[in-house]
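Peer 1: If you read the sequences in order, they're chains A and B. Going by our numbering, 45 is the number at position 43 of the first sequence; the sequence numbering is gapless. Going by our numbering, 381 is the number at position 385 of the second sequence; the sequence numbering is gapless.
If you're looking for bench data, these hints aren't it; they were derived computationally from the structure. The model shown is predicted, which means the values in this text are computed figures rather than measured ones. Any given hint might turn out to be false.
[Unchecked claim] In silico EDC-like cross-links for lysine to aspartate or glutamate, where the CA-CA straight-line distance does not exceed 16 Å:
id : chain 1 : residue 1 : chain 2 : residue 2
1  : B       : K421      : B       : E356
2  : A       : K97       : B       : D434
3  : A       : K52       : A       : E40
4  : A       : K105      : A       : E72
5  : B       : K16       : B       : E111
6  : A       : K31       : A       : E123
7  : B       : K311      : B       : D277
8  : B       : K564      : B       : E662
9  : A       : K105      : B       : D23
10 : A       : K130      : B       : D23
11 : A       : K105      : B       : E36
12 : A       : K97       : B       : E632
13 : A       : K55       : A       : E72
14 : A       : K105      : B       : E77
15 : A       : K97       : B       : E68
16 : A       : K130      : B       : E22
17 : A       : K131      : B       : E436
18 : B       : K485      : B       : E436
19 : B       : K294      : B       : D343
20 : A       : K105      : B       : E22
21 : B       : K311      : B       : D285
22 : A       : K131      : B       : E22
23 : B       : K472      : B       : D427
24 : A       : K105      : B       : E59
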Amino acid sequence: MSKVIDLTIKVLVVDDFATMRKIIRNVLKQIGFEDIVEAEDGAAALRIIKSEKVGLVVTDWNMPNMTGLELLRAIRRSQGCAEMPVLMVTAEGLKENVLEAVKAGVSNYVVKPFTAEVLQEKIETIFKKLAAAD
Amino acid sequence: MSGSFDLQSVAADLERLALKTVMLAEDDVPALGAFLNELEALQEKLAAGQVPEGVSLLRQMGEVANRLTLSEIAAAAQALELLELGVRLLQQWAKHGGWPEAGEEWRAYRRILAELGITASASESGAAAAVADGDFCIDDPELLANFLAEAHEHLEGIETRLVHWEQNPGELEAINAIFRPFHTIKGVAGFLNLEQIQALSHEVESLLDEVRSGRLAVSTDLVDAVLAGVDLLRDLLEDVRGAMGEAQTLPVRDLAPLKERLQTLRPDPAGRPRLGEILVDQGVLNPEDLDASLAAQKALKVHQPLGELLVQEGKAPPRAVAQALVQQMSAAKTGEDAAAPATVKVDLAKVDLLVDLMGELVIIQSQVRQNPVLTALADQKLVRDLGQMARITSDLQRISMSLRMVPIGATFRRMLRLVRDLSQKVGKRVDLCLEGEDTEIDRNMVETIYDPLVHLVRNAVDHGLEAPAARQAAGKAAEGRLWLRAYQKGGSIIIEIEDDGRGLDPEAILARARERKLIGPQEYLSPAQIDALLFEPGFSTAREVTEISGRGVGLDVVKQTIEALRGKIEVASRPGEGSRFTLRLPLTLAIIDGLVIRVGEERYILPAVGVKETVRPGAEDYFTLGGKGEVIRVREQIIPLLRLHRLFGAGNGETAVSEALALVVEHEGRQQALLVDEILGKQEVVIKSLGPMFQNADGLAGGTILGDGRVGLILDLAGIFSMKDFIQPHN
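Next up, chain A with everything else stripped away, as it sits in the complex (with noise of 0.2 Å):
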């Protein structure tokens, strides 16, 4: 489905929503991935990042204890995750926290309600310019 995309990379989904996480899965099956862990917040994430190879990480913004924001800042903290693709996905009308989020060092952000060819289409952009910069 993809040339762009490495589809054997390990996805991690990050949100504190239940159904949200699935409904991310589920588009991201769609795309074609298969390998595909999930946390139910920033804490869980985090140690999952450290414990096994994470090829991208897909985050809510809104969560409690850790917001994605802070997620997304302990990531980078983190060595070796400078570069990790994080794409963050927030609501329809928060601007101050897209702009906030791709100040902190996020690899893209997408609007929630989205569909599986928007998301790609962020995943792809987010791998492209990482190949671009290799």
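The hints should help you fit chain B onto chain A, whose structure is shown.
Peer 2: Just chain B, lined up with the frame of chain A:
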């Protein structure tokens, strides 16, 4: 150009910024992020070094970069060009220690800025010295000449009128006659790109508007200031005449002193805090010093900005003043200045037509995209291009739709008066809070929701909120609070009317509903279902309800109105704490969120808002009632079943119930299960009228063209509910 910072380090920063700009692409989010960070850091540096021109340039660039990041700019290449130009201008400044003369680059920068819809006045405040803009377009000398003549003419009568008005301050026509010329001049100057004239007339106009609306009284100071404004405008007009002839460039005049003079006359500089106040708040300045300096400023013969004066008197360090100015600018941006973008008046019929045509375009592009001949080609480039076309068309549709959107604020503000009058009449004290006034709503919807809003607000003041004594007895503030809130959520506009009054009384509602036989004597209802009874037709009348719960005046009518707009209304309440009515309206009337369903060979669209749930009834849940039709059981509830096959004579009406799907729909509190073969998907569809021939087709709200080019009929729930009563079951 005072340089209390290291110009060389700024030059190095700019070098880095220039590199980043070259690498920038609209879809490269990380690069945009890094760029934004650099811009911000640099802006802080220049603000601290008192380079207001640089700060406002960076601010404009920041605005462009922000919008680019948010994908709000369709012409990305232009935005990128602007950022490059901006950096280049800054580099020239850093190199020569002064701003480059008006030239090609400034012109290009300004032009793109205007084309991107960012006006210099929106992102820069009058407190900062004007950026050296020495250019304007003399595309049409004749037009300019006409404007000059007309503007002078307009200004001529003002002196006499001003004097007349000063003596007869109550005369509304007098102030209007003075207001109008400034307004006209501002409007035309905007088109002709005469920024200084536009900015100045805007200032005078805003001040006069305060007077017109009664917030400001006429005074000698005010008349003097307006006259000074007239004089300066004349000078500016003469400058333009000069520029049309020999000079070719427009000299820059310092408007700041007059602007500030006009500003100080304003009673409440909406959203824009005073410089002195900011400094006092920050603890830089003590209030006594501020008063002394303000008095000194007034006594001066030649006007001097407060910031300058404070620095001169040694009361505030330059750095603090510069920071306060920047803060003032950003406050102004979110305030009034930002709320008055340049506008063009367009006939509504044209906009409606545009929206219709856009709908057609979306459909035809979707047909082209799904054309089997094209898809069979399986060409990568074609697929990409088609995808791009789809994105552009949907952007176009969104934008054309937004042309018809107006802020809900005006409607909300009409409630202020209503609440004031009403609360006085019933002897209550009410504090009305408006939130989300900028939320936009389809213009065609505004009028329709006005009455329901009045209804709900009236109810809240009349019945929802308690009298002051009762409130205090309940441990609440004597003044009741009422919130009117609007925001956008997904594809809907949400309007909330919330009070902190006594809330709904479930016992009383239940008793009333039983008395009216709306529910059975033993029927169990959840709290939400109880509250929903308020919207039942015939639930109550005003007088009776006041005695029970204080709610329910004609709420069924409100509900009907909202539903006619394909919206929804809900109520949530806590006894003793208040209640909240939530209106959920579609973003626009032209498009509905629909479920595409298959009935036999036909496809229909069912408005998603009316569908409560989808069930696949088992054989054991299906019953026929002798001669009374069919029903299904959904969680112990018996719901009448209607076969859409029979209703529309589509295909085989005898599909076995266990093989079909039942959609439970609700209308005016009644439930109905519709039997369909399949749900094909959820889709936004553009509603098209069926034309006069089928105007009275019951059960159909209109038609639409589906993605594959086939026509789908949109079902009308209200119609179906009234129709099915006439349908005899096939028994």
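Peer 1: Okay, which hints does this one fail, numbers in order?
Peer 2: 1, 5, 12, 13, 14, 17, 19
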